[in-house]
Structures are given as structure tokens and as C-alpha cells.
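Whole structure, please, built from the sequences with the hints as guidance.
Below are the chains, spelled out letter by letter.
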Amino acid sequence: MAYYIFKRLVMALVVMLLATVLLASLAHLIPGDPVKLMLGPRASEEMSARVRTEMGLDDPIPVQVANFVIGLLQGDLGRDFATRSPVSNMISAALPHTVALAVASLGMAVLIGIPLGVISAARPSSWLDRTLGFLSVSLITVPTYVSALLLLLLFAVGLNLISSIGAGDFSDPVGYGKQLLLPATALALTWIGYLARLVRTSLLEILNQNYIRTARAYGLRERTILFTYALKNALIPTVAVLGVGMGNLLGGAVFVEVIFTRPGLGSLIYRSITQRNYPAARGAILVAAFLFVLANLIADMSYRYLDPRIRTWES
Amino acid sequence: MDSVLQVQGLDVVYHSHAGPLKALHDVTFEVKPGEIVGLVGESGCGKSTVASALLQLLPPNGEVTAGEVTFRGKNLRTLDARSLRRMRGTEIAMIFQDPTTSLNPVFTVGRQLRDIRLAHAGSLQGGQQDLHRQIVEVLERVGIPDAEERIDQFPHEFSGGMRQRIMIAMALMSKPGLLIADEPTSSLDVTLEAQIIELIRRLRYEYDTSLLFISHDLGVIAQLCDRVAVMYAGRVVEQDDVFSIFEHPRHPYTQALLASVPLRRNRGQRLMAVPGRVPSLLDLPRGCKFVARCSFAHPVCEQREPGFFGTNGRGVRCHMYDPALAYDASFNVSAVSRPSEDKDHRLATLGAEEPPVLLEVRDLSTHFSEDRNLVECLLRRPIQAVRAVNNVSLKIRRGETLGLVGESGCGKTTLARTVLGLLPATAGQILYNGRDMTSIPGAEFRRLRSRIQMIFQDPYSGLSPRLTVSYLLTEPYIIHRVPQAERYTVGELLSMVGLSEELANKYPHELSGGQARRVGVARALCLHPDFLIADEPTSGLDVSVAASVLNLLKDLADRLDLTYLIITHNLNLVGYVADRVAVMYLGRIVELGTTDQIFDSPAHPYTMALLSAVSEPDPHQRGETRRLLLKGEIPSAKNPPLGCCFVSRCTQRRDECHATMPGLQEIEPGHLVACRDWEDVQRGSLIE
Chain B
1 MAYYIFKRLV MALVVMLLAT VLLASLAHLI PGDPVKLMLG PRASEEMSAR
51 VRTEMGLDDP IPVQVANFVI GLLQGDLGRD FATRSPVSNM ISAALPHTVA
101 LAVASLGMAV LIGIPLGVIS AARPSSWLDR TLGFLSVSLI TVPTYVSALL
151 LLLLFAVGLN LISSIGAGDF SDPVGYGKQL LLPATALALT WIGYLARLVR
201 TSLLEILNQN YIRTARAYGL RERTILFTYA LKNALIPTVA VLGVGMGNLL
251 GGAVFVEVIF TRPGLGSLIY RSITQRNYPA ARGAILVAAF LFVLANLIAD
301 MSYRYLDPRI RTWES
Chain C
1001 MDSVLQVQGL DVVYHSHAGP LKALHDVTFE VKPGEIVGLV GESGCGKSTV
1051 ASALLQLLPP NGEVTAGEVT FRGKNLRTLD ARSLRRMRGT EIAMIFQDPT
1101 TSLNPVFTVG RQLRDIRLAH AGSLQGGQQD LHRQIVEVLE RVGIPDAEER
1151 IDQFPHEFSG GMRQRIMIAM ALMSKPGLLI ADEPTSSLDV TLEAQIIELI
1201 RRLRYEYDTS LLFISHDLGV IAQLCDRVAV MYAGRVVEQD DVFSIFEHPR
1251 HPYTQALLAS VPLRRNRGQR LMAVPGRVPS LLDLPRGCKF VARCSFAHPV
1301 CEQREPGFFG TNGRGVRCHM YDPALAYDAS FNVSAVSRPS EDKDHRLATL
1351 GAEEPPVLLE VRDLSTHFSE DRNLVECLLR RPIQAVRAVN NVSLKIRRGE
1401 TLGLVGESGC GKTTLARTVL GLLPATAGQI LYNGRDMTSI PGAEFRRLRS
1451 RIQMIFQDPY SGLSPRLTVS YLLTEPYIIH RVPQAERYTV GELLSMVGLS
1501 EELANKYPHE LSGGQARRVG VARALCLHPD FLIADEPTSG LDVSVAASVL
1551 NLLKDLADRL DLTYLIITHN LNLVGYVADR VAVMYLGRIV ELGTTDQIFD
1601 SPAHPYTMAL LSAVSEPDPH QRGETRRLLL KGEIPSAKNP PLGCCFVSRC
1651 TQRRDECHAT MPGLQEIEPG HLVACRDWED VQRGSLIE
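Chain order of the listed sequences is B and C.
Each residue of the first sequence is one higher than the one before, starting from 1 at the first, in the working numbering.
Each residue of the second sequence is one higher than the one before, starting from 1001 at the first, in the working numbering.
Please note that the accuracy of each hint is not assured.
[Said to hold, decoys possible] In the SDA-like style, the derived pairs of lysine to any residue whose C-alpha atoms are separated by at most 20 Å in a straight line are:
no., chain 1, residue 1, chain 2, residue 2
1, B, K232, C, S1365
2, B, K232, C, D1115
3, B, K232, C, T1108
4, C, K1395, C, S1365
5, C, K1175, C, P1285
6, C, K1074, C, G1177
7, C, K1638, B, I310
8, C, K1022, C, A1066
9, C, K1022, C, P1285
10, B, K232, C, T1101
11, C, K1638, C, F1368
12, C, K1638, C, S1365
13, B, K36, B, E54
14, C, K1638, B, K36
15, B, K232, C, P1105
16, C, K1032, C, E1063
17, B, K232, C, R1114
18, B, K232, C, K1032
19, B, K232, C, G1110
20, C, K1074, C, S1003
[Stated by the list, open to error] DEER-style ranges, computed between Cβ atoms:
no., chain 1, residue 1, chain 2, residue 2, range
21, C, Q1484, B, V15, 52 to 60 Å
22, C, E1206, B, V15, 54 to 62 Å
23, C, D1561, B, P124, 54 to 62 Å
24, C, E1444, B, L9, 49 to 57 Å
25, C, E1444, B, T141, 56 to 64 Å
26, C, R1265, B, E222, 17 to 25 Å
27, C, H1658, B, N210, 51 to 59 Å
28, B, I140, C, Y1507, 28 to 36 Å
No lab work stands behind these hints: they were computed from the structure.
We put the CB at the ideal spot given by N, CA and C, even for glycine.
Below is the structure:
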């Protein structure tokens, strides 16, 4: 197991390194001149040139990339073009809000989606199963930005139940939780539907397996069979999908954060890209990539926890 | 009431989109205390449905529509769900066919055994400690070594044979009155099959349980059962004690079934192949269900279904035995025209001139190296080679049939694939007509390669499901760019393998197993090959269908002058079909000789063990033939024992055996063996 973790960590590092290089180069592909944007259209050529040199933008691109990577290894993500404050400070301020959002919506998806899937699979083709199926597919098809806007309009604006603009403060957990409710739901809805369908399908397949027949033939209770013998097997593919789905979730987080004006990583990315603020954009995207790699690592680990067959193969 | 289980007039229907499938009709039999009753029949005859129906474990679309199931005086059909659940696994326990899929992969063996007990005992008497001890004990009794340590392992950490032992432990834990075993040995090798049969035989006494043993394998039934019920199309067509069934089968179907088993003693003869196929359950004939395939059918057989004539657990469902009709019932299928074609005349001519060697394999090795991922390459982790085929030398003469036998994992299929060029040879030569196929240029290889064809193991997976039979049979010509004039037409090919031309536009899934296998044979014949490799040619086929495929292979050999390499684990098949036999173990040939040499005077302990493990379809042979049980299972080719490859399982190993692998030595003309003590083996002085 230790060897496996080591192997995975090495691979994760390689992926991160490649992502970094790619990002650093990609930032230069965004159209527009950051210096022009920063100084405004009336800035003199001379002044622009000075700023450009100061920021290292005159260096050839490979040198800039190398500088970025070297800086990164020293914990330096560069400085924001506009405010000149370290990008790492901006990210550390934004990150907790995004993590809270991701964890809350993922938790919501798991806690609601999986039981819905089990309920459907327990009585396939019943009216309940059909209704849940219809609802799940509907949830999957609604894009996050649509559900976010609808939720905002309905609960915060129309019914005026909860204020959902901004993120609130961590010093007030209850208030923060309330603020989080709508954005997290908006982000979770697709996943609830998706998980419900996924769990239903894999559970139905598992319930047809020979070992379920064995469990029945040996008089195990239906409850034990469904929730223990079948579900643990059915969760294996679900976890794999969740790991990859993290990227999807982070993508959705951009919309949700912008719509609910949460000062998270998504908002930061959105803002920096619209302002051609390379250092901030690539720093933030890099952290998002890191989150994604981390989520996959965790998914892989839990996958191995759930499926002992993989454990033996690897060792 | 002296029977443990009594089944009376059981009817089962499966509701399907196409209409009701009458899976069982009027099934009546009983199991007496301590008795082993065999339920035998081909696939689709309803054997497994009987097993599921007893404990009401039918799939949701299945329904018991009539009949009684009485277990120790209790009517199981009227029992409520709760009491029924309580009986499952405690009073009636089941063992299933495939232990690999029948155990839950994500829970430890101990946990699965524990959960069964917990499901039945509201609170544990004696506590966890006591239960743990009981589980270890039952695992030890079914022959799991180191049960105490292995209890916390997962099913995949056990070998196939061990998994089946765990299933048996599961069944015996509660000392059930009745054990239902549904094809418990069908997915196991011969040697493991023999081990499991012995185990069941022993445990029946130790646990004082009765057994309902379901199998399609007449050999296993003959070895184990006291009484036998033969099933056909959802009916019990004959029931009797095991000796009567095998010696004086009365129903035409039973007779045909027994006559279709390939055995060494009917070498050279055509096998009895039951014509036609089992009728569809959707559209059963009005009269006797066997009428269309019966050689003795009378008009009455078409008109009404025969009753069951007989009493006390013996009888026949056939009009011939109806006392009211008074037919002459002294018929026997095997007496009906079975032209004893003389294969030996072919052999005789072979012996006279010693035909040329068609294929020679010289010191061939095929090793697989494990895939390493990026990190492992960077860390320079050593590659572990799996020596699937190790230094094998073989000669096959034109017109000959060589049987290659061995347990699964011994490298038989790898050898075949290497000969075909589907796998690269690590070392050695493959000479076809004297040309070394491993070193010739591509164009010549392609030309030679078309002379050697393979019939693949699974009848269906060798045929692309998206292509029609007609295209499948033309494809080889397209690949090899064969001019139109040299091609067989699809019709010719189909008629060569005994299929009608109507099948040309069908897709593989529309074919029966036997038909698909025949299409596979036809595809191999397209390019006018001289040499055919058949990998388990009868696997996945019912006895009667397998017989007709074997007959076909034999006819083709005579007509087209073919040479065969037949790969199988079925020794009865080899004894029937092969001229010479090669016995393979862990990638090496350990013995090679004519079929008579191998069967009559085996010289390698492994061959001896294999032969002793064969389940002969003859109840008289049980107990008589001393069962030299091969202990344990074949070691992994990744990690073979040092010295002789067989040393870890040999009963008469000496110190030298741990040091080096003995080479093949010729002990009589044409009989080669790789064992130092072959003389002791032949003398029969094997240490038990």
C-alpha cells in the first residue's frame, strides 16, 4: 500500500509539473496586451515599455515560463498586475470559500443522490423508480448556471428567504452555512441526478450477480443484501466517476461563484481572465488543477479501499 | 414420511415478453436421508430451475404454478417469507457452479461466513469467539490450510478449487439436512473436480446430509450419485438407481445421451449424436417432447404426452413403456445404425509409410514480461517473466491427431497461439513443412500461415457479432486476397460442416452453440488448410451436440486429409479422438506418446494423477480405481518450483528432483517422459 501511494504521488507530481508548464505558456495565448489594459489607452509608449520590462514581459516566453516554475517551487506565484499584491495571498483568501462550496455540494450530492439510486434500484420499474428517473434526468440536463440563477431568483429574490449574495464570514458558521446553502444546492443538483442514475444502474447490475443469489440462498436479510452486500460493490464505479467529476464540479463553481458573487477561486479566475491578469489567472487555475489532481488521488485511494481485488493486483 | 425432500408434480413458468415459458412440468422426485440424487440433463432442461424453485429463489419473472415441495414434512410452498428465509442456508443449503462469481468480492471470507450465521441467530450464543472458532473449524474440515490466518482474506486471494471449498464450508456450517449442489465441479479442472467429488463424498457422512446433485456431466453423476433423474425439456424423463441408468437406460433420450459421450473405448466409432435440438419452451410439441429427435417414435408419441410409468422412484416417461400400449421396449439406441467406421485403417496406412512431419516445434519458449508503468521503469524494477511455454519440442506428422492435455494454466493455449504466430516466440523454432516460421519474410509467412488455422475455444466470441455468417465465411479470402476461382462458396462451406444454406444471412447470436461452433470450423476451412488447431472443441456444448461436432471433425479429417492439434483438459475426449498425446505441465511437455502408451502405461506421475482423476461414466468404476488425488493446485508460472516442474505436487519426489528438471527420455519407441523414476511409476509403486 505504501508503495502504491508513493507511486501515485510521483505520478501526481509529474501531472502537476506538466500542468504548470502548460498553464504558464497558455497564459500568453490570451489575446490583448495586459500592460495596455493596466495603464489605460492613453499611456505613453515609454511608460508601457518600462512596465513591461519591470514585469519581465520582455523576456522570451520560455524564460518567462521557467521563471514562473522556479518561482512556484519557492512558493511564489508572482504578483498581481493590478494591485501588485502577491497572487498567493489572493488565492489563500479565495480558496477556503471554494473548498467549502465543493465539499458542501459534493456532500449533498452523495447524501441525496446515492439513497435515491438505492431506492430506485430496490424496486425497479415501480412508479417511484420511474418518477425518480424522470427527476434525475431533468436535473442532469439543467446547466449549473441556469439552476443557480433560478434558485437565486426564487429563494433569495422572489421569496426573500435567505440572502445569498457574497459568502459571509467564517467567524459566523451558521450565517456562513446559510449563505452556502443556495450555491451548494445549485452546484449539487446535476450531481444528485447523475449519482442517482449511476448508483441505480450499477446496483441493478450487481443485484443480478451470482454472489447476491448466494446471499439470498443463505437467508441473508434483504436489507443486508441491498445496503451492504450489493451497495459496497455498486459504489466502486461511483467513486471512480466522482474523482473525475471533481473537475466538472470546479468548472461549475466558476458560474456559481460569479452568480452568487462569492469571492472564491472561480470568481478569481473569471475576474483575472477578463482583466488579462496573467499571474492571478494562472496561479488560480494552477490551484484548481491541484485540487483536481488531489481529488483524483483521494478517489483512487477510496477505490482501493472499496475493492480489495485492486489492492492485491498492485502489490 | 421417510424422505428428506419430496417434490410432487412441480410446474414452473417464466413470464417473458414472448409469452409464458413452461420451464418445468410435473417434476416429481424424492431424496431419502443420506442419499445423493443426481439431476442430469443438457442445458435448458430445467435442472437449475428445480434447484431455485425448491427454496423459492426463482427470478422475479418465475412462478411455481403447481405442485408440492415437502421438506421434512413441511410444505415449503405454503411457508411464509420469514420462515422460508430462515430455512435457507440452515436446513437447505446450496453450492453453485462458479465459486469465483458466487462469493462476494469485497468482503472477507470470514465475514461472509459470519454474516450467514448472524442472519439466522438473533443473538449469538457463545459470543464472537465461539463463532470464530466454528468458522475456522468448518474451513479446516473442507481442506483450507491455515484457516486461522486465511479467514480474513478476500475470495480472490484463494484459488478456484479453494473457493469452491469455501462455498462448501458455507453450506455445511449449519449442518443442513439437504445440500443442493448445482454443477459444483463444472468450472474446475479434472484434478480439482476429483478433489471436490471426494470431499463431498466424505462430508456427506461427516455431516449426515442428503444431497441433490445437479450436473450435465455423466461421469461425475456416475461417480457420486445413488439415484439419478434424467431431465429433458422441463420433465423428468427417466428415474432409477445409478447402476440401472448407466447399464440399462430405458428412455431413448437417456440411451442417446450415454452413447454420445466420447470415451477411449469407442475410439474410431462414430458417436451417437442426437439429431435436431431441444424444442423451444415457447413452442413445445403437443405430444412427447423428445419425439422430433427420437429414433423409435410411434404415431401416438406425436399425439399425446406420455405419463410417467413406474413407481418408487424408478420409471420412464415414454409411451414404449406404457403397459396399455404394449410396445416392444427392448430397443437400444446404440444398436441403431452406428456405422463403426474404421479410423484405424487410416492409422494403419499411417504406420506403414511413416508420413512426413508436417509441423515441428523445436525448443520453443514463450515468455511474457509484466508491464511496468512509468514510475516502475524509472525505479528500474526488475521485470518478472512468466514462462508460459518453456522449451517445448513436438513433432506432428501429416494426417495425425495430436491431443495436448493439461490443467488450465499449463500453457496449452499459449503454445497453440505461438505456433499460429499470434504470440511472438521468445526462443526456438516452428518448422512447418521444414520452413522455420519464426524467421521467414512476411509474405511467405502469410502464405504458410494460411495453411494453419485455428478453431477457437468459445463458439461465439470467435465470431464478430456484427457480421453475417456469409461475410464471416468470406473474410479470410479478402484478407488473403484469394482469387475467386480458388474460393469455396458460402454454400459449399456450410454444407461441408453440415449446416443448411439458410444460415448464411444470420448473425452469430441467432445461432445455437452447435451451429456457431460449426461456423467456426467452416471459417477455419476456408483457406484449404492442412493443419487445424482446435482449442477445447467441445467446450460450451452439450454432450449430444459435442458428439456431432466430434463426428464432423473426424469426417473432415478423412475427407480433406487434415492434421489436428486438439487442445483440451478432457481426457475422455483425448482418448477418443487422438492418435498421440502430449501431456503438458507448467509450460513443459512431461510425457508424450501414442494414446495407448499414455493411457495404458503412463510413466509420469502427473499423467498418472490426471488419468486417475477422470470421472468415468460408469458407476462400477467408483471406489475400484484407486483415486490418486493430485494434491493442491498448479503453481503460478510466475513462480515455478525449482528443479522438476512437478516437484511441488509429486508424491514420490526425491532430493534430486529439487535440483534439476529431468529431460525427456525415450523409454520405448515413440514414448517420451520427463521423470527419473518412470519405472517406479509404471510398476505402480507410487507412494501414497
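Status of each hint after checking the structure:
1. Between K232 of chain B and S1365 of chain C, the direct Cα distance comes to roughly 43 Å. Violation of the 20 Å bound is thereby established for this hinted pair.
2. Between the alpha carbons of K232 of chain B and D1115 of chain C the distance comes to roughly 15 Å, so the proposed pair stays at or under 20 Å and holds.
3. Between the alpha carbons of K232 of chain B and T1108 of chain C the distance comes to roughly 13 Å, so the proposed pair stays at or under 20 Å and holds.
4. This hinted pair checks out: K1395 of chain C and S1365 of chain C have alpha carbons roughly 15 Å apart, not beyond 20 Å.
5. Distance restraint check for K1175 of chain C and P1285 of chain C: the Cα-Cα separation of roughly 43 Å exceeds the 20 Å cut-off, and the hinted pair is therefore not satisfied.
6. A C-alpha spacing of about 13 Å is found between K1074 of chain C and G1177 of chain C, which places the hinted pair at or below 20 Å, so the restraint holds.
7. For the hint pairing K1638 of chain C with I310 of chain B, the CA-to-CA distance comes to about 19 Å; that is within 20 Å, so the pair holds.
8. Restraint check: the Cα-Cα separation between K1022 of chain C and A1066 of chain C comes to about 12 Å, which is no more than 20 Å; the hinted pair holds.
9. A hinted pair counts as satisfied when its Cα atoms are at most 20 Å apart, and K1022 of chain C with P1285 of chain C qualifies at roughly 12 Å.
10. A threshold of 20 Å between alpha carbons decides the hint, and for K232 of chain B with T1101 of chain C the separation of about 16 Å falls inside it, so the pair holds.
11. Restraint check for K1638 of chain C and F1368 of chain C: satisfied, since their Cα atoms lie roughly 9 Å apart, inside the 20 Å limit.
12. For the hint linking K1638 of chain C to S1365 of chain C, the alpha-carbon distance of about 14 Å falls within 20 Å, and the restraint holds.
13. Proposed proximity of K36 of chain B and E54 of chain B is supported: the alpha carbons are some 14 Å apart, at most 20 Å.
14. Straight-line distance between C-alpha atoms of K1638 of chain C and K36 of chain B comes to about 66 Å, which puts the hinted pair past the 20 Å bound.
15. Restraint check: the Cα-Cα separation between K232 of chain B and P1105 of chain C comes to about 10 Å, which is no more than 20 Å; the hinted pair holds.
16. At most 20 Å may separate the alpha-carbon atoms for a hinted pair to count; K1032 of chain C and E1063 of chain C exceed this at roughly 26 Å.
17. Taking the CA atoms of K232 of chain B and R1114 of chain C, the gap is about 17 Å. The hint holds against a cut of 20 Å.
18. At most 20 Å may separate the alpha-carbon atoms for a hinted pair to count; K232 of chain B and K1032 of chain C exceed this at roughly 41 Å.
19. Pair hint K232 of chain B plus G1110 of chain C holds up; C-alpha atoms about 17 Å apart against a cutoff of 20 Å.
20. This hinted pair checks out: K1074 of chain C and S1003 of chain C have alpha carbons roughly 12 Å apart, not beyond 20 Å.
21. For Q1484 of chain C and V15 of chain B, the Cβ-Cβ distance of about 56 Å falls inside the hinted range of 52 to 60 Å, so the restraint holds.
22. Distance hint check: the CB atoms of E1206 of chain C and V15 of chain B are about 58 Å apart, consistent with the given range 54 to 62 Å.
23. About 57 Å separates the C-beta atoms of D1561 of chain C and P124 of chain B, a value consistent with the hinted range of 54 to 62 Å.
24. Between E1444 of chain C and L9 of chain B the beta carbon distance is about 51 Å. The supplied range of 49 to 57 Å therefore holds.
25. Between E1444 of chain C and T141 of chain B the Cβ separation comes to about 59 Å, which falls inside the hinted range of 56 to 64 Å.
26. Range check, R1265 of chain C to E222 of chain B: Cβ separation about 52 Å, and the 17 to 25 Å hint is violated.
27. For H1658 of chain C and N210 of chain B, the Cβ-Cβ distance of about 41 Å falls outside the hinted range of 51 to 59 Å, so the restraint is violated.
28. Separated by about 34 Å at the C-beta atoms, I140 of chain B and Y1507 of chain C satisfy the suggested range of 28 to 36 Å.
The structure does not agree with the numbered hints 1, 5, 14, 16, 18, 26, 27 stated previously, though it agrees with the rest.
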